[in-house]
Amino acid sequence: MMAKPDLLESPETELSEALDLPWMVVVHNDPVNLMSYVSMVFRRVFGWSRERSELHMMEVHSKGRSVVWSGSREKAELYVQQLHSSLLLATLEKTSH
Amino acid sequence: MNFEISKRGNLLFSRIHPFLAEMIKSVAEDPWEEYPEGSSRLLPPPGTDEELLTDWSDHVQPDLRRRFDEDRSQVAQDIGTMKPGRGKLPVWSLEIPIDHVDAWLTTLNALRLAIVTEHGLGEEELAHKTSPDLSTFHGIALLRVNFYAFLQECLIQGLESRESEIGDQDSD
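As you go down the protein sequences, you meet chains E and C in turn.
Going by our numbering, the letters in the first sequence line up with residues 1 to 97, in that order.
Going by our numbering, the letters in the second sequence line up with residues 1 to 172, in that order.
Calculated directly from the structure, the hints in this document are not laboratory data.
This one's a predicted model, so the numbers in the text were calculated from it and none came from an experiment.
For every residue, glycine included, the Cβ atom is placed at its ideal position computed from N, Cα and C.
Take these hints with a grain of salt, some might be off.
What the hints assert, rightly or not - Okay, the calculated beta carbon distance ranges per label pair:
| no. | chain 1 | residue 1 | chain 2 | residue 2 | range |
| --- | --- | --- | --- | --- | --- |
| 1 | E | 75 | C | 67 | 17 to 27 Å |
| 2 | C | 90 | E | 61 | 38 to 48 Å |
| 3 | C | 140 | E | 73 | 36 to 46 Å |
| 4 | E | 55 | C | 134 | 18 to 28 Å |
| 5 | C | 81 | E | 62 | 35 to 45 Å |
| 6 | C | 143 | E | 35 | 34 to 44 Å |
| 7 | C | 50 | E | 49 | 31 to 41 Å |
To be verified - Heads up, incomplete: computed chain E residues facing chain C, CB under 10 Å, no partners named:
| no. | residue |
| --- | --- |
| 8 | 22 |
| 9 | 26 |
| 10 | 33 |
| 11 | 36 |
| 12 | 37 |
| 13 | 45 |
| 14 | 49 |
| 15 | 52 |
| 16 | 54 |
| 17 | 72 |
| 18 | 75 |
| 19 | 80 |
| 20 | 86 |
| 21 | 92 |
| 22 | 93 |
| 23 | 95 |
Unchecked claim - Here chain E is said to cover these stretches of chain C; the calculated rule only asks that three of the stretch's residues, wherever they fall, bring their Cβ under 8 Å from a Cβ of chain E:
| no. | region |
| --- | --- |
| 24 | 14–27 |
| 25 | 86–97 |
| 26 | 141–153 |
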């Protein structure tokens, strides 16, 4: 059921940053949040296109979670906070490498 | 109940049946007061790191709670402007200013999450695979959650239509 964490890793992740600062933002499935709402929140928080937002939303829906960003801890915390302000289930996790 | 974008560019619900109007008026209820167990879902932990959990509990969660309360207060003000029509069965109307829509979306979502958690509504029920038993509190809770989801869908569609209209005007 679980998705591989790096399946849809965002291009914002810079290699050097990812190596030094291995934190990722994970959004988890929640049967209450509407698909259209989750997609809209992704567009607003990350500035993504509709297509990309829907891809991540579908990954959350079908696989239970999606890695939506990775990089520095400070920035990851900010993203989790923004996602929580829209009531999405988001967590901050260390990458496994 | 009808839904449209008003001449002033706001989102307008009209011909709202009194029963639905009462459910809309309940959107501004305080989830922390009404659903003490369910409201725990509104401030989830950000992970398992101890330092992060402490920091979140001390700084982030109080700020989020304050913002949710502000949004709910905005929604309560809009609800205060709801008007009943005339006639034997007075239908209501509600005009939501476009810049209040985000507050409505957050408040509706918070309320839905709190009700679902409080009443233990399951995924099958939420996916409309079972009919709500309206003789029980559980069934009424499911009805409310589904109605509020419908309102959310309308608002998202309305917001996207407005954004697309503005985009078209900018490109002219």
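Now for the hints, and whether the structure bears them out:
The beta-carbon spacing between residue 75 of chain E and residue 67 of chain C, approximately 20 Å, falls within the hinted interval of 17 to 27 Å. In this structure the hint that residue 90 of chain C and residue 61 of chain E lie 38 to 48 Å apart at CB holds, the actual value being about 41 Å. Checking the proposed 36 to 46 Å range against residue 140 of chain C and residue 73 of chain E shows it holds: the Cβ atoms sit about 44 Å from each other. Taken as a hint, the range 18 to 28 Å is violated for the pair residue 55 of chain E and residue 134 of chain C, whose Cβ atoms sit roughly 38 Å apart.
Roughly 41 Å separates the CB atoms of residue 81 of chain C and residue 62 of chain E, a value that falls within the hinted 35 to 45 Å. Range check, residue 143 of chain C to residue 35 of chain E: about 21 Å between beta-carbon atoms, so the 34 to 44 Å window is missed. Judged by the Cβ atoms, the range 31 to 41 Å given for residue 50 of chain C and residue 49 of chain E holds: they are separated by roughly 37 Å. The restraint placing residue 22 of chain E at the interface with chain C is violated, with a minimum CB-CB distance near 13 Å, outside the 10 Å limit.
For residue 26 of chain E, the shortest C-beta to C-beta distance to chain C is roughly 9 Å, which falls under 10 Å, so the interface hint holds. Using the Cβ-Cβ criterion of 10 Å, the hint placing residue 33 of chain E at the interface with chain C is satisfied: the shortest such distance is roughly 7 Å. At its closest, the beta carbon of residue 36 of chain E sits 5 Å from a beta carbon of chain C; the interface hint therefore holds under the 10 Å criterion. Restraint check, residue 37 of chain E versus chain C: the minimum CB separation of about 6 Å is within 10 Å; hint holds.
At about 13 Å, the closest approach between the beta carbon of residue 45 of chain E and any beta carbon in chain C exceeds 10 Å, and the interface hint on this residue is violated. Proximity of residue 49 of chain E to chain C is violated relative to the hint, the smallest CB-CB distance being about 14 Å (cut-off 10 Å). A cut of 10 Å between beta carbons decides the hint on residue 52 of chain E: the least distance to chain C is about 16 Å, and the hint is violated. With a least beta-carbon distance of about 13 Å to chain C, the hint placing residue 54 of chain E at the interface is violated under the 10 Å criterion.
Interface hint at residue 72 of chain E: violated, since its Cβ lies 14 Å from the closest Cβ of chain C, which is beyond the 10 Å cut-off. Interface hint at residue 75 of chain E: violated, since its Cβ lies 14 Å from the closest Cβ of chain C, which is beyond the 10 Å cut-off. With 10 Å as the threshold, the beta carbon of residue 80 of chain E comes within range of chain C, its nearest partner Cβ sitting at about 5 Å, so the hint holds. With a least beta-carbon distance of about 7 Å to chain C, the hint placing residue 86 of chain E at the interface is held under the 10 Å criterion.
Evaluation of the residue 92 of chain E hint against chain C yields a held restraint, the C-beta minimum of about 4 Å falling below 10 Å. Interface restraint check for residue 93 of chain E: the shortest CB-CB distance to chain C comes to about 6 Å, inside 10 Å, so the restraint holds. With a cut of 10 Å, the hint placing residue 95 of chain E at the interface with chain C is violated, because the nearest CB-to-CB distance is about 13 Å. With a cut-off of 8 Å between beta carbons, the region 14–27 of chain C has 0 residues touching chain E; three or more are needed, and the interface restraint is violated.
With 0 residues carrying a beta carbon less than 8 Å from a beta carbon of chain E, the region 86–97 of chain C misses the three-residue requirement, and the given coverage is violated. Check result for the region 141–153 of chain C against chain E: holds, 4 residues qualifying (beta carbon to beta carbon below 8 Å, three or more required).
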